[in-house]
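Protein chains in written order, with my numbering: chain A, 56 to 276; chain B, 56 to 276.
Incorrect hints may have been included.
Dumping the calculated DSSO-like pairs for lysine-lysine here, alpha-carbon to alpha-carbon at most 30 Å [claimed, not checked]:
no. : chain 1 : residue 1 : chain 2 : residue 2
1   : B       : K137      : A       : K137
2   : B       : K155      : A       : K185
3   : B       : K155      : A       : K155
4   : B       : K189      : A       : K137
5   : A       : K189      : B       : K155
6   : A       : K185      : A       : K78
7   : B       : K155      : A       : K172
8   : B       : K185      : B       : K269
9   : A       : K192      : B       : K171
10  : A       : K155      : B       : K242
11  : A       : K155      : B       : K172
12  : A       : K172      : B       : K185
13  : A       : K137      : B       : K79
14  : B       : K137      : A       : K79
15  : B       : K137      : A       : K78
Chain B side only, calculated, beta carbon under 8 Å to chain A, not exhaustive [stated by the list, open to error]:
no. : residue
16  : M115
17  : E117
18  : R146
19  : R147
Just so you know, these hints were derived from the structure itself, not from any lab.
Don't be surprised by glycine CBs; every beta carbon is placed ideally from N, CA and C.
2 protein chains.
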Amino acid sequence: MARLFHVPLSPFCRKVRLSLAEKKIEVELVEERYWEADPDFLRRNPAAKVPVLRLDGIMMSESAAICEYIEETRPDPSLMPKGAEQRLEVRRLVGWFDDKFHNEVTSKLLYERVNKKVMGQGFPDSRNVKDGAKAIKYHLDYMTWLLDHRRWLAGDVMTLADFAAAAHLSALDYISDVDWNRSEVVKDWYAKIKSRPAFRSILADQVPGFPPPKHYNDLDF
Amino acid sequence: MARLFHVPLSPFCRKVRLSLAEKKIEVELVEERYWEADPDFLRRNPAAKVPVLRLDGIMMSESAAICEYIEETRPDPSLMPKGAEQRLEVRRLVGWFDDKFHNEVTSKLLYERVNKKVMGQGFPDSRNVKDGAKAIKYHLDYMTWLLDHRRWLAGDVMTLADFAAAAHLSALDYISDVDWNRSEVVKDWYAKIKSRPAFRSILADQVPGFPPPKHYNDLDF
Chain A
56 MARLFHVPLS PFCRKVRLSL AEKKIEVELV EERYWEADPD FLRRNPAAKV PVLRLDGIMM
116 SESAAICEYI EETRPDPSLM PKGAEQRLEV RRLVGWFDDK FHNEVTSKLL YERVNKKVMG
176 QGFPDSRNVK DGAKAIKYHL DYMTWLLDHR RWLAGDVMTL ADFAAAAHLS ALDYISDVDW
236 NRSEVVKDWY AKIKSRPAFR SILADQVPGF PPPKHYNDLD F
Chain B
56 MARLFHVPLS PFCRKVRLSL AEKKIEVELV EERYWEADPD FLRRNPAAKV PVLRLDGIMM
116 SESAAICEYI EETRPDPSLM PKGAEQRLEV RRLVGWFDDK FHNEVTSKLL YERVNKKVMG
176 QGFPDSRNVK DGAKAIKYHL DYMTWLLDHR RWLAGDVMTL ADFAAAAHLS ALDYISDVDW
236 NRSEVVKDWY AKIKSRPAFR SILADQVPGF PPPKHYNDLD F
C-alpha cells in the first residue's frame, strides 16, 4: 500500500492526500515530525520536508512533482485538463497558492499559531498574524473574481488548482482563520469541495492541543 | 515574437530564458521593475512577480507552469524525459532549487547583496549573507553526490532540472558567490551548460552598479 509521511495540517500534504483520495489510491498515513530531522527521515528526503510519499516502490518528495506523477500514472479521474493553455492555468494557480498564498497567508497564520507551538519555537509573532489576516482578504477577493467567471478555480472542471487552494484554506479553517462570510461564491465552492468523499480524511484530522472548531467538519457550515 | 518581462539576475526568469533559447524560440526581453507594482504590470500578473511571458497570445506567469507549457507545446528538443519516474525526478529537483536552494541560498546572498540595493531597501543583513554562504556549500556537496552517480542532475540526459540549477548558480556566480573549486564534477557540469548556445544571453547580462567578475562569461573559468 502507498504510505505518506505527513503532517496533518500541512497544505502540501493535504494537496497530495486529496489527489490520492480522489483517485481512490489507498494510503497509510504516517505522521512525521520532520523538524526533528530524524536520520531515517532525512534518508527518505534530504530536503527534510513533508510530504514524502512511497508509491510504486519509489520514495517521492516535492508535492508538485508528486501530484504530476500521480496524474501521469493514474489519469482517471483526471485532475488536469487536456489542453496546454488550460494546464498552464491549473499550474499557475497551484503556484499561486503554494507560493504566494503560502508566503503571505499560511506561513503567517498557521505556522505562527500552530507550527511554532508544536515545534517548541515560542509564541506567535503578532505582526505576522496581523499581516496574514489582512492578506487572506485579498486572496479571498481574488478567488471571488475567478469564481465569478468560472465554475472552478481554473475553469469549468475541478482540477489540482482547486485541491491546492482547498488544502490551504482547510488548514486555515481548522484554526478558524477563514471568514466564509466574505464571499458567497468562495463559500459555495468550498462547500462543493468539502462534500467530496476525497475530503473525508482531512475533515477527520485532529491535532493535539488544537481542537478544531465545530464548523470545521460540518458540510453545512 | 514572444516577449518576456524579466529581471536579469532572477533565477526564475533565467530558467525560462534557458528553456526558450534551448528550443530556439526568439524572445524580446523587457526589464520589469516588478517591485514598483506598476498597474500595467499588475494587469499582466496580479501576483506581481517575474517572469511574465507573452507567448502564443497568452500572458503567462509562474515559471514552473511556463516551462511545462513550453515543453508541452514545443517538445523538441526535449527538456523532460519520457518516463513518469524520470519526470518525477526532474520536477523534484526543479522544486529543490526553486524552493529549498532559493530560500536557503539565493534569497540570502543575491537578494541581500543585489536586490536590496536595486530596490532601495538598504544594506545586506550580514547574518543572512553568512547563512547563505554556509548553505551553498551543502548544496554544492549534494550536487556533487548527484553528479557522481549521473551525467546530468536528474539522470543521463540534460533536463529542466539542470536549467533550474544553472539559473540559480549563474546568478550567484555573477556576484562571485560560487566557489567552483569546491567540486570538480559540479564545475565540469557547469562548464558543459555554460558552453551551450542557450546560455549566451545570460552570460551577456549586465546589471548597472554590479559589474560581473571576469570569470563570469569565461567558458574556461
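*asked:* Check the structure against each numbered hint from earlier and tell me which ones fail, lowest number first.
replied: Violated: hints 4, 6 and 10.
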